[in-house]
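Visitor: Chains as they are written, first to last, in the working numbering: chain A, 96 to 351; chain H, 7 to 369.
Where hints are given, some of them may not hold.
Said to hold, decoys possible - Incomplete in silico selection of chain A near chain H, CB under 10 Å:
1) Ile-202
2) Arg-212
3) Pro-214
Since the hints were derived computationally from the structure, they do not count as laboratory data.
C-beta atoms are modelled at their ideal positions from N, C-alpha and C, and glycine is treated no differently.
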Amino acid sequence: MSILKINNVTMQFGGVTAVNNLNIEVQEGKIEALIGPNGAGKTTAFNVITGVYSPTKGNVYYKDENITGITPDKITKKGIARTFQNIRLFKNLTVFDNILIANHLRINSNFVSSTLRMPWSNKEERLMREKSEMLLDKLDLLRLKNEIAHSLPYGEQRKLEIARALATDADLLLLDEPAAGMNPSETMELSSFIHNIRDEFKLTIFMIEHHMDLVMEISEKIYVLDFGQLIAEGTANEVKNDQRVIEAYLGVEEDA
Amino acid sequence: MMDKLNDKKSKLFLNLLLIAVFAAILILLDTKTIGDAYVRRILNLSAIYAIVSVSMNLVNGFTGLFSLGQAGFMAIGAYTVAIFTVPLEARAKIFYIIPQNPVLAQIELPFVIALILGGLLAALVAVLIGMPVLRLKSDYLAIATLGFSEIIRIVFTNIKSITNGALGIKNIPIMPTMWVFFGVAIISIGLMWLLINSSYGRAFKAIREDEVAAEAMGINLFKHKVMSFSIGAFFAGIGGGLLATLFATVDPNQFYFPVTYNFLLIIVLGGMGSISGTIIASFVVTIGLEILRFFDEPLALFGVNIPLFRPGLRMVVFSILLMVLVLFFRNGLLGQKELSWKLVFDWLSGKKPIKKTDEGGAA
Ligand SMILES: Nc1ncnc2c1ncn2[C@@H]1O[C@H](COP(=O)(O)OP(=O)(O)OP(=O)(O)O)[C@@H](O)[C@H]1O
Ligand SMILES: [Mg+2]
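So here's chain H without its partners, still in its complex pose (with noise of 0.2 Å):
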């Protein structure tokens, strides 16, 4: 098996066949031909999720900077799709309270300009917090970025005329087609797997790996930070925009901050420094919290009510596996390795597992 895996037409015909039958699925799935809505739903929330978690993924994972600011930069990403694609006439209906910004309440945009402008005020707003914060020692922007996605949540709560407050925005137009939703994450991970695989992302491992060295080596550690922190808030707003169209409607509390940690639970899963172990990861996660949703549910057993079962017992499950996971999983998945061929077949023939990489900390 090993001397076909060096081969490499072997290896693209692998590669041709998996894009084909992944092809093949979603062009099922798309023509209604199998699955039902419910499916298609959690499959096309999967792949936003996967943007938005290889995101965090470069600025954590391949960086080394600790930022929990992913749902303020959806939030931000989503309520300018909301805003500019909402149909002229639909919008009275919906600002019914408050009216809309009298300059806002005449612009619409298509949906492709309204989604990469989302990307770029969330960009431009991770580059106002980055400034101040990224000059500062690495655990500052946790803190400055958790604070972020509350007070983005609350002024968005408040700024009635653009937002339309707690009410949030509804009728927001829905994408026809899974393909929006899948090319749109294919594109976003295939550019930043670029921007990993190019010197600026040679130097983004550097600063994680150590930045006095990598200062030493020239790396400018400001401007690189910067850069990372923004590309990701950018692509954040990319999958913010993804989840307006989605869901049809836009809310300040589909926004609350602990939604960023289910990226954290993802990229922890799948390997911090790993694209394709956060691929994965955020299927497994995104389908597996729709499984937990049965934790939600009261049970009863045998005509008992069992009183654990309500809601909020699915977020102390999912605490409980980041805890586990945190503790004895540290590297999940793929680590810093990438999927190949070689390590699946490694792995089906019973091959010693991937190999740990040392944690050994900033020395």
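Just chain A, with the same shape it has in the complex (with noise of 0.2 Å):
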């Protein structure tokens, strides 16, 4: 069953058309990726689908409930979360205030009871500190619980924006470039990462990826995006040896 699905979406700038009649449909439980050259239109496709730009032409479905058009606080709240091509974490609050502020969507206290400190409000809190604290165990980032998050290595970062996204109970997990600026060993450990919350937490995986073999190694299928036309889908294997997109990613193979 596809969980998402880019139906005829178009996405231009003024002149430039960033997506082209763009469809896809991502299966539920699987890792799918998006991949091509730089300005190829990935980034504006994800910005499509999570509301941040309303598509000129086109439909998102969500779970068959069409999606576009909605603000991105209601989408997160429907189970997409995302990550970001250039991080961007609540950089001067603590990790762990990264992950509750994530919490923060799923709340019933009203501000005047929050503030006021009523029972309930003190039990909700008290439930979103140990279901954060719990989440932050599993990814083991536990220990950087009270860190600023700018001042964490790059590589533990990246995996703070993850969990983040993970902290909003999304169901369907977009991430670009989660490896952008990795060192290999780091790559590989972020592949064994992904998985694992694929299954630990049952989700859906739909990435960007500039490392080829990061992609090849992890995706279900993949999808290759060239100058905001969709030139080619399927496995990792038929996507390597199609000539288009061997033409597409003629001297800019090296590029990530």
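Take the two lone chains, each set in its own frame, and fit them into one complex as the hints suggest.
Guide: In structure tokens form, the structure reads like this:
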């Protein structure tokens, strides 16, 4: 069953067509990838899915519900969470606060009872903290709980950003170049990390990635974008041998 | 000393000691054992400034919005207290040119009710301003709130049957004790502290840190901005209400918009995102501005009049201070930290000063 369906989506900025008549169906429970040269329109596609942009044409369906044009916060509430190509943590806050903030969207207490520390609000806050600690523990980040986010090593920041997205109780995780800036050993670690969270949290993962080793190893299906157009889709082997993909990547293979 | 600090008991002891000293000083002042009316007035004013400054810090320092509407919201609170607490029999004398609105002329409210009503009206106006403006990108709020402050002053000058126009409203009952000012300040700041340290406060900070990420984490930006902005306005209104009873009189020029710059100076000095820093800065700046009054007096040295010393120079000095602060001490006293005994002892024992946090700007 497909969890996410991108239906004839076109996104134009003025005269630039960043995404052109895109059709993608991400299958539930799978790890799928979106690849393509720089400027191909991958991040733009993510921004359309998550409601940052409203597409010029076409529709996005999540679990068969049309979510086109809904604001990002509402889309996250429905169960899609993301990370960013350039890490966007709450830099001056602690690791724990970063995770707690991602729990706020499910809060039941209003600001008055929260402020006045009513018993039910206190209980909710306590549960939120317990859940966040458990999440950090599972992802081996608990030791960094009280560190300020921007003081973490790069790899840990990427991991924290994924943890934060998970804290929203998402079913579909969109990762925008999670391995960017990582060394080969960190990248391999990330590969098993992504596998593990998919299994542990019963997620669907849709990721943009430039590291071809990682993509080829991890993805069950790959979509290739070039100049906003989908030029190929299939398994790693199918895509690797596709003539148009090879042409699109000529000379930019080593880019990442 | 560090071992002692980690000991919860000695921290509790230090806190209790601090509260006791604070209460003792206040009792001595309040019973007129020490200090005079002038000192009491400045301290009460400092307490009011602390409320309004913390409210501004909630909006600007903790939520990352740029509001300059504090003076306007104070005016709403101040006029509400003025209109509803002046005894009915004194009204005719005050509204002697244009009679008071016949409905209002019959309503007298207890001070506390009028104070809270003033806060609520300020919050309501904030919601009305926030609805259109807070959907836009950040800078518009500064312009809109500045405009609002000016408009409210002009409106209050002109709706004479309600506000008595430029003459203002006199004979507002004054509060007999400093505890009213300090009590309301403690409650107000306490409530804001609780809010900031709740899940909603964390959401405010998330918006300050990175709006795009906050929204991607499911935080409704508009709702939380309106919330922070109107709660800030509520407490500014409360501060204004206290101001009315402190001065026993209100008139539109008390709320001329540069008043807001005082609060801006305070939160920058104290630290954008630090409540304790803001409280300290409120007292320092309020008392400092009193001392600076001497710049406004004509000064003669050896029989020669120094021409610079004339009314207005105080504000020049003030502006220069604000500029120096913004240029060289952007983190203020405490940055985003709160005052703690550890911080105090580290400072006393000459340990390295408070670490600066990077002001990265929105990337
Ligand atoms: N907000 C915008 N306004 C105008 N043009 C944009 C905007 N966002 C993206 N574009 C353009 O759309 C095209 C696709 O950009 P996008 O960021 O989606 O590429 P990408 O595939 O993610 O590339 P990269 O691998 O470098 O991250 C580019 O030409 C870019 O300049
Ligand atoms: Mg991109």
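Visitor: None of the hints should be skipped; say for each whether it holds.
Guide: Cross-check of the supplied hints:
Given hint, Ile-202 of chain A at the interface with chain H, holds; its Cβ is 5 Å from that chain's nearest Cβ, closer than 10 Å. Interface restraint check for Arg-212 of chain A: the shortest CB-CB distance to chain H comes to about 7 Å, inside 10 Å, so the restraint holds. For Pro-214 of chain A, the interface hint is violated, since its Cβ never comes within 10 Å of a Cβ in chain H; the closest pair sits about 14 Å apart.
Of the numbered hints stated above, the single one contradicted by the structure is hint 3.
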